[in-house]
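Protein chains in written order, with my numbering: chain C, 17 to 386; chain S, 6 to 298.
Check before you lean on any hint, since a few could be wrong.
[Said to hold, decoys possible] Quick partial rundown of chain C residues pointing at chain S, CB under 10 Å, derived from the structure: (1) Met-106; (2) Glu-117; (3) Met-118; (4) Pro-122; (5) Lys-123; (6) Arg-162; (7) Pro-269.
[Said to hold, decoys possible] Looking from chain C toward chain S, a few residues come up when the C-beta cut is under 7 Å (computed): (8) Leu-68; (9) Thr-72; (10) Gly-81; (11) Gly-85; (12) Met-95; (13) Phe-97; (14) Ser-99; (15) Tyr-103; (16) Phe-114; (17) His-119.
Note that these hints are calculated values from the structure, not bench results.
Ideal placement from N, C-alpha and C gives every residue a C-beta, glycine not left out.
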Amino acid sequence: MGFLDIVNTTKSYGAVEVLHNIDISVEEGEFLVLVGPSGCGKSTLLNMIAGLEEITSGEIRIKGGVMNGVHPSKRNIAMVFQSYALYPNMTVGKNITFGLEMHGTPKAEREAAMHKVAKLLQIEPLLDRKPGALSGGQRQRVAMGRALVRNPDVFLFDEPLSNLDAKLRVDMRTEIKKLHQKLGTTIVYVTHDQIEAMTLSTRIAVMNGGYVQQLGTPQEIYDTPENIFVATFMGSPAMNVVNAKVAIENGRPVAQVALHDGSLTSLPFSQENMADWAGKEIFLGIRPETITDEDAADRKSNNIALMTNRIVVTEPAGSDTFVTMVMGGKDVVARMRSDAEVKANADFSFAVNMEKAVAFDPVTEKRIVP
Amino acid sequence: MSVATQDTAIRTGRVVRTLIYVVLLLFALFYMLPLYVMLVNSVKPLDEITGGGMMNLPQVFTFEPWVKAWSSAQIGVDPTGLSPYFWNSIKMVVPAVAISTVLGALNGYVLTKWRFKYDTIIFGLMLFACFIPFQIVLIPMAKMLGLMGMAGSTSGLVLVHVVYGVGFTTLYFRNYYAVFPTELVRAAQIDGAGFFQIFWRILLPSSGPIAVVSIIWQFTNIWNDFLFGASFAGASSQPMTVALNNLVQSSQGVKEYNVHFAGAILAAMPTLLVYVVAGRYFVRGLMAGSVKG
Chain C
17 MGFLDIVNTT KSYGAVEVLH NIDISVEEGE FLVLVGPSGC GKSTLLNMIA
67 GLEEITSGEI RIKGGVMNGV HPSKRNIAMV FQSYALYPNM TVGKNITFGL
117 EMHGTPKAER EAAMHKVAKL LQIEPLLDRK PGALSGGQRQ RVAMGRALVR
167 NPDVFLFDEP LSNLDAKLRV DMRTEIKKLH QKLGTTIVYV THDQIEAMTL
217 STRIAVMNGG YVQQLGTPQE IYDTPENIFV ATFMGSPAMN VVNAKVAIEN
267 GRPVAQVALH DGSLTSLPFS QENMADWAGK EIFLGIRPET ITDEDAADRK
317 SNNIALMTNR IVVTEPAGSD TFVTMVMGGK DVVARMRSDA EVKANADFSF
367 AVNMEKAVAF DPVTEKRIVP
Chain S
6 MSVATQDTAI RTGRVVRTLI YVVLLLFALF YMLPLYVMLV NSVKPLDEIT
56 GGGMMNLPQV FTFEPWVKAW SSAQIGVDPT GLSPYFWNSI KMVVPAVAIS
106 TVLGALNGYV LTKWRFKYDT IIFGLMLFAC FIPFQIVLIP MAKMLGLMGM
156 AGSTSGLVLV HVVYGVGFTT LYFRNYYAVF PTELVRAAQI DGAGFFQIFW
206 RILLPSSGPI AVVSIIWQFT NIWNDFLFGA SFAGASSQPM TVALNNLVQS
256 SQGVKEYNVH FAGAILAAMP TLLVYVVAGR YFVRGLMAGS VKG
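Construct the entire structure; sequences and hints are all you get.
Dropping the structure here:
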């Protein structure tokens, strides 16, 4: 049993079930990110943990205590909202201490807690201002201060960075991570941004259509996605998924993939059990950064396959150059180092790190487990 | 297309512009004419009016008619002036406005932030109250007031006006709170604030503009109401409007037009005052929520 347990929990609105049998157990001090496209049910799940939405069936436990039907204020949780939800009529200081006041904490204690939190977040000069006079980043800090001051068991973040501009978002992301490392609190964090999910979390739950598609560490999610949805949702640019046929060459299973002109190239699998699929169609998943030029190929890899293919477009992005080609009838993106000598409409010799490639069952769209 | 309209807008010549202002000014003057007549005649001795110079400025300036209208004019049987009725109106209007506004705010709060089954139907029914003609409810209302022992009393009038006003105030506050961020209410819930604490501490302090709209609307309507006042008020609770009628319609003696004019202005004064003091919030409040700010 964990610190926060979501046990077989479902949520229905009338006859429509929007969350199906969610089972997640969070340990103390963990940073769990719920990630998924809009409408996948991640915010609903967070609201259910907070007690703002009722649980249709199943159980949510915090520190072993069943929270079904317990009022949000009695769950010892704190929440940071997407819009920050600062009370516009109160000063920053009042905003931070409002929760303590409602819980009957004496004034002196409230003041002390407020100053402690304000110091931690470096918002001391703002305490007498109204939220309307703050910038986005400052509001964000105040919202976190309001959550921190309660010293709750679980922090809930509902897309807290999505209202900030791109640069500030990256800064605040680092700040949240620092805060988590410093305080070691348990956090459940909702976002649709897979980079936030990867960078912040200790574990990720990828959600889609009301199901948890995969629950695991960022590395597990990235390297061994359980299905095509997870594979393509996590990672930017997305994982390339192309049609391939499994064949046996020299006693080894290979993936035969059509190149730009329809000719086939053979990419040998590292997974021995792919031999069971000989003669069958599969989907082959290749991350963009595992397609490189020969010089930049991963030296630690035991399985680098070479192929020559026509480049369609190159997109220099400064740090990397993105190269688009056609494989298996689809556009495939390769992430190359910036000084790779690539030209559009020219043939180029690519190195594919097949150790990192994953294969998917074309019917179930699930990963073929080695 | 937009370029073309901009062009014409710029080319609108001085002549056209002057014409527009002249027309507007004429309309404004025409609209103000009754007020002019009332003001001018309320500070004249009676013989100047009966002499036929209704549009003229006063030759002899006097506040006599005002004093008389306020304190000694014959209202019905007693020469009390309008002053006791003025206080009757105040005693009726202030609680009625306050209660209907607070109730409307509470209703709006519940209808937007504590949604329940069939809440839209209930809101629809409350809206319906805005469109019921006064005359229809006169007899049932009289019966109800009688049953409750409130017939002929100020509190009875307050009740009638609250019941009638709550539809409007609910409409105002509901629409205002509909765009009030629900996340604030949720944040307050997590902070441990209860139903009324959220209302008093979070919502009401942010409701200034719409409260002004509600107060102006209710004040104007209730103060100016004649029908309910004439129907349900007792001798000691008659409001200003009814008293004014009794002053002007009295069938005995000389018609003191100057006193009548002064009385009419006195009766209109409070609503004017409320509008002048709070009017600039009125438009702002009516517009609130219609434009994303």
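Verification of the hints:
no. : hint    : result
1   : Met-106 : holds (8 Å)
2   : Glu-117 : holds (8 Å)
3   : Met-118 : holds (4 Å)
4   : Pro-122 : violated (15 Å)
5   : Lys-123 : violated (16 Å)
6   : Arg-162 : holds (8 Å)
7   : Pro-269 : violated (53 Å)
8   : Leu-68  : holds (5 Å)
9   : Thr-72  : violated (17 Å)
10  : Gly-81  : violated (17 Å)
11  : Gly-85  : violated (14 Å)
12  : Met-95  : holds (5 Å)
13  : Phe-97  : holds (5 Å)
14  : Ser-99  : holds (5 Å)
15  : Tyr-103 : holds (6 Å)
16  : Phe-114 : holds (5 Å)
17  : His-119 : holds (5 Å)
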